[in-house]
Amino acid sequence: MSEFITLSLFASTLHLSVPVILPMLGGLLCERSGVVNIGLEGMMLSGAFGAVVFSYLTGNPWLGLGGAVLSGLISGGMLAIMSVLLRGDQVISSTAINLIGAGLTAALVPIIWGIDGTTPSVPKIPTLPLPLLPQLPVIGPLLGELSMIDVLAFALVFIVWWVLMRTDVGLRLRACGESAAAADAAGIAVTRVRIAAVILSGVLAALGGAYLSIVTLDLFQASMTQGRGFLALAAMVFGKWRVGPAFLVCLGFGLADAVALRAQIFTDELPHDLLFALPYLLALVALATFVGRASGPADVGKPFRRA
Amino acid sequence: GDAPIWTMITDQNGLGDHGFNDLAKLGLDKSVEAFGGRAQVIQSTDQSQFVPNLLQAVAGGSTMVVGVGSLLNDALTEVASSRPDAHFTLIDAVSTDDDGTPLLNVASVTFREQEAAFLAGIVAAMTSKTGHIGFVGGMETPPVVRFLAGYKAGVATIDPKIKVSHAFVGSFRDPAKAKVLAEGMFDSDVDVIMDVAGGGGRGIYDAIIAEGADHWVIAADTCKGHLAPNNFLTSAVKDVAGAVFYENKAVHEGTFEGGPQSLGLAEGAVGLCADNIDTLPAEILAKVDAAKNKITSGEVTPPDTYEALDAFVPAQL
Amino acid sequence: MSSKRPALPRRGTARLDPIIAEALDARNTTPLTLGAFAALTRDRARTLGARALVFVLTLGASMLCALPFLLLSGADLGVTARAFFIGSLGSQFALAETLVQMIPLLIAGLAVAFSFHGGLFNIGVEGQLIFGGLVAGVIGAKLDVSPALLTFLCLSGGIAGGAFAALIPALLKAYRGVHEVVTTIMINFVAVYVALYAVSPKGPFVSASQPSATDKIPRDARLSVIWEGTRLHSGLIVAVAAMIGVWWLLYRTPLGFRIRLMGANPGAALASGVSVARMTNSTLLISGGLGGLAGAVQVLGVYGRFFDAFSAGYGYDAIAVALLAALSPIAMIVSAFFFAMLDSGAVQMQAVAGISREMVGVVSGLVVAFVAIQPAIVHLSGRIQRGNRPPEADPSSTQSLPLASGENR
Amino acid sequence: MSLEPPLCPAAIRLTGIDKRFGAVHANRAIDLTVQSGSIHGLLGENGAGKSTLMKILFGMIHADAGMIEIDGAPVTFRSSAEALGAGIGMVQQHFSLIGAFSVTENLIMGRATGSLAMRMVRRLDLPRAARRAQELSDCFGFGIDPFARVSTLSVGARQKVEILKALWGGARTLVLDEPTAALSPPEAEELYALLDRLRAEGTTIVLISHKMPEIMRLCDRVTVLRDGAVVGEAELSGKDLARPAVRQLIEAHLVQMMIGRGNPELPQRAPKEGPLILDVRGLTDGVQFGPLDLKVHGSEIVAVVGVEGNGQSELVDLLMGLRKATDGLIAIDGHNVIDWSTQRRLDAGIAHIAEDRHATGVADGMSLIDNASIGFVDGKPFSTGPWFLSLRQRRLLTETLIERHQVRPPAADIPMASLSGGNQQKLVVGRELARAPRLLIAAQPTRGLDVGSTSAVHRALLDLRAGGSAILLPSLDLAEVFAIADRLVVLRKGQIVGRMTAAQFEIDQIGRWMSGSQGDPAPGPPCPDAPKQMDTAL
Ligand SMILES: Nc1ncnc2c1ncn2[C@@H]1O[C@H](COP(=O)(O)OP(=O)(O)OP(=O)(O)O)[C@@H](O)[C@H]1O
Ligand SMILES: Nc1ncnc2c1ncn2[C@@H]1O[C@H](COP(=O)(O)OP(=O)(O)OP(=O)(O)O)[C@@H](O)[C@H]1O
Ligand SMILES: [Mg+2]
Ligand SMILES: [Mg+2]
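Protein chains in written order, with the numbering used here: chain A, 7 to 313; chain B, 17 to 333; chain C, 568 to 976; chain D, 23 to 560.
A few of these clues could be false.
To be verified - Coverage of chain D stretches by chain C, computed from C-beta distances (three or more under 8 Å per stretch; other residues unrestricted): (1) 359–367; (2) 413–421.
As the list claims (entries may be wrong) - Over the 10 Å line for every Cβ pair with chain B, so calculated as not near, a few chain C residues: (3) L583; (4) G641; (5) L816; (6) V869; (7) V901; (8) V927.
Treat the hints as calculated values from the structure; they're not laboratory data. The beta-carbon is built from N, C-alpha and C at its ideal position, and this holds for glycine as well.
Sequences and hints are given; from them, build the entire structure.
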């Protein structure tokens with residue numbers, strides 16, 4: 007076992023959880039502003055795709071990140087138009103985002119590269135080691151497993167928390183999610199706030215996808231997100247729409263996955279298919295036992311109309 | 017008559033799997049070069065479309081309809097028995113009617129992947145310095161298990177003490193997890209990994225390039241040297257293209273006869289990747305050739321299931 | 568206590584003021600005047616017409632938006648369109664295939680809609696469908712009884728399997744207030760892996776002859792073909808029966824009323840004596856049962872055995888199907904048929920017009936998008952005023968749905 | 023906050039304000055002038071257009087036509103933010119506070135100024151804001167805890183928070199839409215005092231109300247709306263309202279204008295003693311309610327008064343079985359129902375007009391038919407067994423109710439949301455009466471209803487009483503209590519602190535009981551299932 011619990015198990019955990027954490031942050035912002043977003047999966051895919059396309063065309067992976075942001079703006083913008091401006095049903099709108107995101111990215115690969123399924127390798131974000139942190143005594147080695155980009159990802163968690171919970175902008179955003187009417191009466195531009203939140207969620211989810219496609223890997227593959235967008239949604243609800251708990255839940259999912267994958271290396275006796283179901287079962291058990299009532303922002307899901 | 021139509025039907029995984037779907041397509045293209053006509057690929061979105069797709073192909077006047085993947089077995093059998101005049105090739109499964117007699121208008125081609133994997137195992141065992149070898153499968157499907165069993169048997173034949181860890185990603189389409197898995201193996205100082213993870217396998221090459229020299233990857237189905245030139249050891253290939261071409265040729269020349277056909281080393285339908293075979297050290301090649309002979313002569317039968325693997329006793333090469 | 572205390576009325580009977588009762592009788596006896604009847608039918612017709620209009624507008628608009636994408640994949644539009652219609656309606660064979668595709672979509676759509684009506688957002692239909700299919704497949708493969716009985720057992724087993732998959736979310740929702748969305752999503756993941764395991768080479772139910780599947784169900788225990796020379800099976804009858812059943816249950820039974828009331832306003836339901844916990848369970852279990860039925864029917868009607876990957880995400884498409892029908896069970900046959908056309912048309916579009924199968928996904932995505940913004944479309948078409956629209960077609964009733972309210976505990 | 027009186031005499035001048043909502047013509051070319059430093063009353067029936075007009079002034083609704091002048095300068099508000107900026111504060115008819123937020127957060131939300139970037143990074147200085155809130159609250163004698171979560175506050179306290187919110191930005195003009203609809207007399211008195219004081223300090227106030235007494239008590243001038251148009255004005259300042267004759271004359275005049283006919287008279291009622299129907303002994307929920315004893319006889323209306331949050335809702339919930347009683351006994355006609363489900367209690371003859379219509383009374387999204395048949399789905403004639411529920415019978419029931427209670431518009435298939443609250447309430451009352459209840463619990467049955475609807479409801483209750491049923495009337499509206507109740511009990515901190523019969527009704531005594539002898543209103547108990555605290559992260 008001692009050989010099993012290694013630094014790199016820790017590293018795997020982080021690398022598996024980051025692509026869930028980022029969309030989770032997006033979904034959380036979105037729902038806290040009162041807009042349901044089950045379209046994270048589609049947004050992630052378009053982000054992963056956008057990143058690869060730009061990295062491929064420009065040869066510069068950092069511009070690839072730019073491409074992810076761009077596609078995030080697009081998918082987020084689409085959802086904002088449908089669910090906020092046109093007051094479409096938010097669940098259906100985001101379902102549409104999922105279908106289009108998955109379909110379009112997969113359909114464009116052969117159109118651009120002339121081959122089905124998987125793109126050729128594109129320039130990927132170099133894993134810059136952290137400056138001097140690794141020399142720190144105890145946690146040093148752990149931090150050594152982190153790359154610059156990971157740290158940025160975790161910084162985002164704090165930033166989102168700060169803005170959402172400590173600043174005026176955050177208060178306005180949460181007000182829109184709790185009661186659009188009250189927010190409106192208080193002079194908050196509900197529609198504008200929600201549009202911003204939805205677009206932002208698109209960008210964050212897209213970055214999550216980009217992390218998969220040009221940070222972890224160097225390619226895009228049809229449906230490569232494999233349900234991580236839904237997992238992010240689950241983590242958000244599981245964390246009761248709060249940044250901290252939801253963040254921990256993501257780490258938990260990451261750890262469970264890492265264990266499920268790596269445990270197989272040490273024993274052949276495990277029914278691995280069931281092992282993969284473990285995180286979800288554990289989450290269910292947790293919900294059944296100690297997590298208890300979770301209810302989202304009071305006004306989430308209700309389009310805002312004013313005469 | 018008019019120009020032939022060579023049609024293939026994929027399962028829901030479809031083209032781009034770097035595996036037998038792409039290879040079968042290759043076979044079609046070769047057929048077009050050789051016998052003219054046009055190639056046509058129908059990719060199924062889901063399983064319930066197999067039958068309509070096959071009927072579609074037949075109705076479209078296909079000279080030969082190739083069903084790729086064992087999932088198509090039921091559907092192809094159903095269609096073939098209702099269209100006795102049409103010609104079919106089924107890859108990776110044997111098409112029989114309800115009481116088990118093979119359909120005669122279907123050439124059911126199965127490969128003995130375990131034989132190629134056996135050789136790959138030998139190469140892996142003789143290359144590994146750490147004495148710990150890895151195997152990453154996408155999902156635990158029979159072809160993957162055949163690779164695994166043969167591979168382990170091959171390793172055991174060289175040195176039973178060598179440890180072989182195998183693990184599954186849980187999907188053929190999750191390169192990220194495949195990469196994490198590979199990294200995990202490198203941590204427990206595996207230095208040779210066999211990749212049977214389908215499209216998701218790309219993650220493994222990504223990981224091994226990062227790992228650098230003295231780490232080796234063994235591919236399956238096709239030569240994938242271009243994905244990691246410096247770390248590519250060899251590949252347990254199966255010549256799906258060749259098989260498809262062979263059946264098409266048979267139809268073209270009117271010598272087609274259906275029924276099950278198991279292809280392996282003896283038929284030259286499986287083996288190690290030819291691209292870089294000569295870069296392997298001489299003593300390894302010697303062992304590989306020895307194994308080849310013993311397998312073709314039937315002295316050694318590589319296991320194709322877990323049970324057979326447990327029962328397998330390494331022979332002296 | 569006072570000895571001569573008034574007896575209580577029979578339980579399970581709503582008290583009704585005799586005066587009101589008389590008034591009702593009076594109205595009952597007075598026949599519906601022609602004028603009134605005409606007015607009623609006119610209203611109904613207008614509602615129906617309005618809805619039909621919205622439906623057509625939605626589809627038209629989305630098709631229009633699909634054009635650029637089709638052009639993107641370098642297809643000739645005329646050819647594509649012809650391929651689509653020929654592939655989905657062009658022949659007996661095509662029509663039958665479309666109907667075959669429609670069956671699981673319809674039943675699964677009903678499952679989704681049913682939970683929506685109860686204000687519960689069951690997106691676990693995919694998982695329930697897989698469980699249902701698995702149970703049906705295993706029963707069919709393992710049990711040795713008379714065909715008719717076996718069919719029955721498979722179907723009811725499938726329903727039970729689906730309901731089972733919905734059980735945990737139901738209980739968590741009813742007694743712990745855990746949001747059903749997250750639990751049903753997780754059940755979906757669990758179902759996939761359980762199915763993989765069940766028929767993996769080392770799994771308990773895997774067939775000897777066919778990998779990643781169970782053994783075949785005896786032919787005469789499967790759902791019989793009801794249209795000679797096609798694959799159209801009696802699952803269609805099951806689906807239509809389910810549709811009528813769901814409609815009846817929702818709109819013509821006390822249980823259905825309670826479920827709809829809970830969906831519309833849990834507080835009011837509670838105050839009027841409805842046990843929200845029990846209704847939550849019933850709703851999700853019935854919804855899950857329908858999901859399971861969809862899986863069982865697919866296994867018995869199309870494959871004759873369970874494959875681990877037999878579902879093409881029907882459970883997810885079902886959400887779109889249900890919503891395009893504005894949750895109306897009857898309208899659902901239309902939306903289900905449309906999505907089925909997309910699926911079966913896809914084959915031809917691929918073979919003839921070279922439209923990649925993914926593009927078809929994009930098209931259905933666009934349809935869903937326009938379904939989503941239907942309220943806006945309605946606004947534009949300006950045909951429907953707030954008044955004459957039955958609740959289930961009223962956007963506000965879908966908007967205040969599921970995920971939405973924290974208050975729908 | 024600057025409170026020096028502005029220079030321009032006319033604080034607000036609205037000219038030709040016109041607004042349509044689809045079919046509804048909510049405001050018809052309305053002209054309205056409000057003198058600065060005065061309290062201007064706005065009267066009108068439900069749906070007359072009062073709220074709409076004020077929302078237009080406040081920038082929440084955009085008028086189709088017309089012009090707004092503030093202090094003589096024409097303005098156009100694109101949002102309430104701009105109105106707030108211009109020194110106008112409004113207290114909405116329906117609470118517009120956020121329960122999950124603290125009082126302070128509710129006060130400051132949307133108020134911070136500065137660049138977006140700044141507001142995204144700078145930490146909100148809640149403590150400072152809280153201090154300011156404390157001061158403001160103290161200077162009005164509100165006694166609000168700035169850190170309390172709003173969902174835990176009593177309705178009265180919330181109303182005060184609403185007012186703080188309106189004044190927060192230093193508003194010189196204050197619009198109050200039915201501010202006392204949910205307040206108890208003592209609380210209302212406090213509010214009146216506050217308004218007097220604000221007026222004295224030069225604040226201009228527009229007051230929308232259905233309550234004649236408070237209009238009389240406060241307003242300098244009144245404008246009456248009917249069907250969206252101004253039908254008349256009346257100058258009150260300077261009139262000698264102390265003299266009952268004058269007072270009644272003016273009241274009558276206003277009501278005349280408001281509803282186009284005289285003030286509806288209630289039928290005289292003879293006191294008579296029926297059999298004991300409701301018998302409550304030692305009832306308690308083990309938390310903050312009871313133990314409490316209460317008897318209600320047939321042909322008797324017993325009012326339950328008290329400052330909101332002192333146990334009225336708990337009493338109702340306990341009687342209906344919506345809250346678990348830990349001890350005690352509830353007998354209906356001698357049957358102890360304490361362990362019965364809500365369903366069984368309804369069957370046993372308890373009916374319930376819910377206090378909060380939108381929360382528990384109706385389902386806005388459902389049709390009138392469905393709303394009318396709530397509770398009428400079991401047994402003949404509506405259903406025969408579990409497998410059939412008759413639409414036709416339910417439609418007939420609905421049409422009967424619509425007819426008997428003049429619900430407008432008289433259409434059975436339209437969604438409930440398209441009815442005005444008044445009409446919604448009529449349907450609810452009709453529905454509950456149709457159960458031929460032995461005991462009717464009518465919780466605030468006329469909250470927010472206009473004179474016409476109110477008297478309709480009262481008449482219905484009196485008819486039921488005449489029929490021999492028992493009626494429990496939790497109400498905040500003493501005028502209502504005096505009008506129809508035979509007895510009243512006063513609740514304070516979950517206990518009955520006083521009882522009176524109609525003969526003895528005497529408002530000061532009641533006020534003392536309600537507020538406790540020292541006259542400090544009891545703090546409301548925390549509401550049982552408040553949403554989880556949102557603003558604790560990490
Ligand atoms: N958002 C809206 N959409 C459509 N019609 C509306 C809307 N708000 C109000 N109306 C219509 O305008 C009329 C005036 O509404 P308003 O709320 O101003 O009446 P009111 O005088 O405030 O009634 P009450 O005294 O009950 O508050 C209503 O009868 C209603 O029919
Ligand atoms: N979105 C809307 N569309 C159409 N009409 C609306 C809408 N919202 C409100 N109304 C109208 O507003 C009126 C109700 O207005 P309002 O709420 O002022 O009435 P009310 O008697 O004050 O009821 P309550 O006191 O419960 O608010 C109804 O006549 C209704 O037709
Ligand atoms: Mg109003
Ligand atoms: Mg009102």
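Verification of the hints:
no., hint, verdict
1, 359–367, "holds (count 5)"
2, 413–421, "holds (count 5)"
3, L583, "holds, 52 Å"
4, G641, "holds, 16 Å"
5, L816, "holds, 28 Å"
6, V869, "violated, 5 Å"
7, V901, "holds, 21 Å"
8, V927, "violated, 7 Å"
The structure is inconsistent with the numbered hints 6 and 8, although it conforms to all the rest.
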